[in-house]
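Q: Residue numbers for the sequence shown follow the numbering used here, so the first one is 1 and each next one is one higher.
Taking lysine to aspartate or glutamate pairs in the DMTMM-like style, the calculated list, with each CA pair at most 20 angstroms apart, reads:
1) LYS85 to ASP20
2) LYS7 to GLU112
3) LYS7 to GLU58
4) LYS69 to GLU54
5) LYS16 to GLU129
6) LYS85 to GLU23
Computed beta-carbon distance windows for the label pairs:
7) GLN106 to SER15: 29 to 37 angstroms
8) VAL113 to GLY22: 31 to 39 angstroms
9) LYS38 to ASP133: 17 to 25 angstroms
10) GLY108 to GLU57: 16 to 24 angstroms
11) GLU112 to VAL87: 25 to 33 angstroms
Quick caveat, the hints were computed from the structure, so don't treat them as lab data.
All figures in this text were calculated on a predicted structure; none of them were measured in a lab.
Beta carbons: idealized from backbone N, C-alpha and C, even for Gly.
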Amino acid sequence: MIVPSVKAIFYITSSKNEFDLGEVSRRLGVTPTRTRRKADFPPQAPAQTSWSLEVKEENAFSVGAVLDKLIRRLAGDYPLEAAKKIVRLCEEFDAEASLEIVIHMQSGDSPEVRLFSAQLLFAAAIGAEIGFDLYCYE
Numbered sequence: 001m002i003v004p005s006v007k008a009i010f011y012i013t014s015s016k017n018e019f020d021l022g023e024v025s026r027r028l029g030v031t032p033t034r035t036r037r038k039a040d041f042p043p044q045a046p047a048q049t050s051w052s053l054e055v056k057e058e059n060a061f062s063v064g065a066v067l068d069k070l071i072r073r074l075a076g077d078y079p080l081e082a083a084k085k086i087v088r089l090c091e092e093f094d095a096e097a098s099l100e101i102v103i104h105m106q107s108g109d110s111p112e113v114r115l116f117s118a119q120l121l122f123a124a125a126i127g128a129e130i131g132f133d134l135y136c137y138e
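Modelling step: build the complete structure from the supplied sequences, incorporating the hints.
A: Right under this line is the structure:
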């Protein structure tokens, strides 16, 4: 059996306008993993300003455990306070929050894909969609 690898990513994005990426970092009290401005995209590509925080890809049998690490990095011990900050930022910058789970696995060796109620409540509180990118290899 080959252990699947799982990565979790949080995004604040806007395709409508550029926003102050440093201000997002300052108000959340977190250094992003990656930022990107609309101007960084080639003219023919859909462009958006993006601030993201990710938990490095790790071998894991549980998606929920990896997502927990991301939420703890983003929100610390006060997820509802962090959720309020995220909602204010998104409203102020006309942006959207989202969560993404990336899974690389061998055929038949998938992780447990279960999200816990606290994770779903946090996602709902920030108005985030949750996306799953699945890569299965033989």
